[in-house]
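Undergrad: The residues making up each chain are set out below.
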Amino acid sequence: MTSPTDHLTHTHTSSVTPDGEGEATMTPEAPGEERHGAHRLLRAVPAVVLLAVLAFLPYVPVEVPGILPGRVNGPGSMQLLATCLVIGGIALSYDVFFGRTGLLSFGHALFVAAGSYLLTISLSTWALPLPFAVLVALALSTVLALVVGAVALRVGGIAFAMVTLAFAQAASIIVMRNPGGVTGGEEGRPLDRDAVPDLLVGVANAPYRYWLALCFVVVAWVVVTLLVRSRAGHAMAAVRENEQRASVLGLGTYRVKLLAIVVGSLLGALGGVVHALVLGGSNPHLTTSEFTLSLLVMVVLGGAGSRWGALVGGVLYTYADARLVEVSNAAFLQDLPVVVRQVLSQPLFILGAFFVVVVYFAPSGLTGLGGRLIRRSGSR
Amino acid sequence: MSDLVLLLVTGVGLGALYFIAASGLSLIYGLMGVLNFAHGVFMTAGAYAAWLTMGALPDGWPVAARLVVGVLVAVAVGAVVGLVVEVVLIRPLYRHHIQQVLVTVGLSLAGVAAAQGIWGADPRPVERPEWMSGTTDILGARLPNDRFVYLLVAVALFAGLLALLHLTRLGLVIRAGVENRTMVEALGINVHRTFTTVFALGGAAAGLAGVLYSQYAGAVSPAQGGSLLIFAFIVVVIGGMGSLTGTAVAAVVVGLVQQLANYYAASGVGDLSVVLLLALVLLLRPTSLKGAMA
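The listed protein sequences correspond, in order, to chains A and Z.
Residue numbers are given in our numbering: position 293 of the first sequence equals residue 293, and the series is strictly consecutive.
Residue numbers are given in our numbering: position 197 of the second sequence equals residue 197, and the series is strictly consecutive.
Chain Z extracted, bound-state conformation (with noise of 0.2 angstroms):
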């Protein structure tokens, strides 16, 4: 019992990382078209500005101080990133897909490659705060506390995104480029400025989402945002293409699937049955792929 709650609540803590490294993949997408390769280095970049903040404050500073800094710069350099990528390499692309696809390829080799070699390809080690290296006893299993601020801060970023989809002028913008972007087009609203905004918005997710798999997996490295990008892909294709809560929904099965399998079966075989299951997916209901918004 205490095992299984144990892999329920790190399960669902995974799926709430990869929500928040989907849900800028996914919203670029359901507007814009573009597959984004480079939201890895998105994330790389927010996790580095971040471990690089946390080194620059004073260490007299509580561990939790500096990370809480960390992340608000992080969310501001992925915020600043997408945006510079979307005005400079993508905008003069706009309605040719696999060119747009083709730039993201590119930057993100370079990308990656720039932080290999400024920083090293080793990991560089970053600073946990206390509490969140720590376990709390629920149910007679021991829970790593670090799953619950995922959690906290994905429910709360699936909140906003939702609040601001369909709560203000520029969610409900989104929302018609999505269904018709032609009609917007002609109803006089410039979408070009809405895909800019979308872009940085993404791309704070990105650094958001970076900043926290780095604190999950204790160390930053140039190759960890493609690691997360491959499941963040997965992810958003389970979840429909484009579709806020397909992906909320997928993050947490796709999530859970692998805590469960990895100890169940084998090491290893939870990333297995992430691709088998996305296979069965394609296979039973390949028409949930054709993309809307929730």
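Isolated chain A (complex conformation) (with noise of 0.2 angstroms):
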């Protein structure tokens, strides 16, 4: 009945800041500090080569038969590997929520819808410039993660999702009936083509595009990284192993949850932005509750609480449910009965079952399954 989250949402809102005192158990930073960051340098190398390799790939002219359309650097594999960038980059954002504070929250997608729309509507509708316009849709989606945030909170644990999840449903059901015509319903609202600079443009550019949400996810990863070695994402994990503890010690839970949500929600919306500039439109699929039980799915895939976690979950599940299409017409499942080759040539269904077993049997995710399996090895 109650969740270990439940308790205490609201109680301590005006004692202490969240980066306040009384938690200096808490620091970060070990004696010998010096060595410390040298191996933390050490650390960040492979990230900067995987970097490299990534920015270096739209160079890369070779066919990878059954892995990627065509060519790696042609049009079909960089749009589809913009595409799982940016969510994957989404996911970074949603672990915010679920991964580093302990939020289940059902309504990530709300956010994620609002940078996206409002883009495409200050574009084309308001007619206004692209700064500005990217500007507008990030101001106005962290104004709705404040409120939707506030309200939100004033309940915990399970209830806290399904308001989240209530308030998402309303923002797809105001999507869908197309108010005034500036949705576009269940078309979508495609980009201004004539607002955008040429290079995000057309098909000839995808490579401009896989380094537009490349950047995003660095960004992403970049701001994360910050947020997490601050003394509020201190207090973010303090609030997630334990919320009525934090709040005893004196922490601000309602406040640390809220800036938590306020962080995410921009990077949604930030991640919204890119997705609309690289798909070249607003879907209403961005608004339903199935996207955000997808971002669920990603983060647990990957790995909860990690950024490498949340963002191999992203780009994998994109990659899968993309290309798993493929899979009904392999060979080998020709001889099965028709009833199992229907249901395999569903992506969700294999998608869905495989994160059943993840749930169960690797519950740190791909990555910590794999983080394990080094080491294991290691010590042999």
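Calculated from the structure, these hints are not laboratory results.
Just so you know, even glycine gets a beta-carbon here, dropped at the ideal spot from N, CA and C.
Any given hint might turn out to be false.
On the chain Z side, residues computed to face chain A include the following (Cβ under 10 angstroms) [what the hints assert, rightly or not]:
| no. | residue |
| --- | --- |
| 1 | VAL69 |
| 2 | LEU72 |
| 3 | VAL73 |
| 4 | ALA76 |
| 5 | ILE118 |
| 6 | VAL274 |
These two chains come separately, so use the hints to put the complex back together.
TA: This is how it looks when you write it as structure tokens:
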């Protein structure tokens, strides 16, 4: 009935700021800071190398049959990879809620869709130039996050999840009803091509959209890193581990959670903006509860509470969703009964079933599992 | 006047559907603390089971008789699905509420996808008994007959569940388990078996809701359960997370608000006003959501 996060959500709002006193035990830096710093630099090497490789991909004219459609730097592959990266970044923003602060939200789609739709609407309906349109989209999404977060945080745990779900559903209904022809209903709202730079438009310019998506992932990564290492980030971890204890220690848990919601939503809205630019418009699928659920699945698949986990989960999920359709045509499946093939032709069935398996057997996600395997083989 | 009567009756009828969908959720949440996202899949399973049964029965039978058999099959299928899900998937994760929610989320994705793969994403029309498609004149309003059926079923379900909770030993264990599960276990009662029963019960109610909703919509489709589920969630939250009487009252209020707003404001405002109602309840009475069994 009462989950661990059900207590005392709004009792200490006025006592201390999130980064206030009372967390002397949680200071990140241990003695021997110099060695620590060098170690940290060393650990950043794989990420930097990976980033360099990813940034170089548009210059690779190799074909990878079965894995990517056509050449790596062909428009099909570039678009697929760009979509994977954007969704990976959005999963990273969702992890600020779920993995970092322990808030189970079913309404993240609301903020992503807000970013996406506010961008397309302010570009075409309000005829704003691109930089202003991006600012407007981000500012309004942040206000939205503050309002929704403030209301939803009045309850904790499972009830919070349901309330955020309801808000997202309301947004989904509004978008579908197409008030004043602003959201485009089921068709979605296409991006106004004249309002964005030529580099981001057209099939031939897919690599530029890919780099844009990559930039978004880097921004999200850096923001999450800075947040996690800040005092507020430590307070979030404290709330996640034991909210009652955190609030007894004098942390303003309400403010900590609201901060997490605002930062996560802002990143999500930025993801929505990039999503609209990369995919050339806003799609009502972004507003649905299925989208939020798929974000949750991505984060848990990859590993909640870790940057690699959320990112890898988002990229893999999007990739699998796009490419698993091919599985049903695979030769080894042709002997199976029709019903089985029909079911396996649905990527979401495979992903959903796989997700359940991961929840059971790899609670720390694929990256956690990988890390464990590496450590085990190292100790042998 | 006749408009108002029509709106009130259709609103209460819709509320009855919401109650049938939400009662299982509320029971399960109240006792086990599991937010069952797979409830929508249970509903879809019930709807498809009834649709298949009605198609398989000989055409010579009257539609109403086939529908009754279909409802019985749907309830049975819902109960079996609930039972299996509880024993296989939920039971190993007791006391891990978030993981339980995650498993049911995965199940809801996979279940909808499976139904889509087998029967296609498009809605399939269902047969309705002639009487249920007709109307009755009361106070000058032409009232659709099917709403009375939903209302009757909902009242029977409500009365049955209340009787179960207050008159039987199982109900006693459930109510005690909601109060203090640890104490019930300490007294030597196997709460886990009660969990399984409650899940099967919730699944049966979901199967029932699935059939009735497919009758209401005139078709079965894979995503149907999910759309009903969101309103069921809202009803459960407004009703106080696990209180059966609260759920019933909330269901009627939500149904009425939705119908009235849809008619007097604009089409589509009804769904929004329900969400607004939820926000209002949260702002005014956040403590009412702690959970209690009536």
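Undergrad: Now look at each hint and say whether the structure bears it out.
TA: Cross-check of the supplied hints:
At about 24 angstroms, the closest approach between the beta carbon of Z/VAL69 and any beta carbon in chain A exceeds 10 angstroms, and the interface hint on this residue is violated. Because the beta carbon of Z/LEU72 sits about 24 angstroms from the nearest beta carbon in chain A, more than 10 angstroms, this interface hint is broken. Against a cut-off of 10 angstroms between C-beta atoms, the interface hint on Z/VAL73 is violated, since the closest Cβ of chain A lies about 19 angstroms away. Violation of the interface hint for Z/ALA76 is found here, the shortest Cβ-Cβ separation to chain A being roughly 21 angstroms, above the 10 angstroms cut-off.
Hint on Z/ILE118 holds. Least Cβ distance to chain A is approximately 5 angstroms, under the 10 angstroms limit. Checking Z/VAL274 against chain A by beta carbon gives a least distance of about 8 angstroms; that is within 10 angstroms, so the hint holds.
The structure does not agree with the numbered hints 1, 2, 3, 4 stated previously, though it agrees with the rest.
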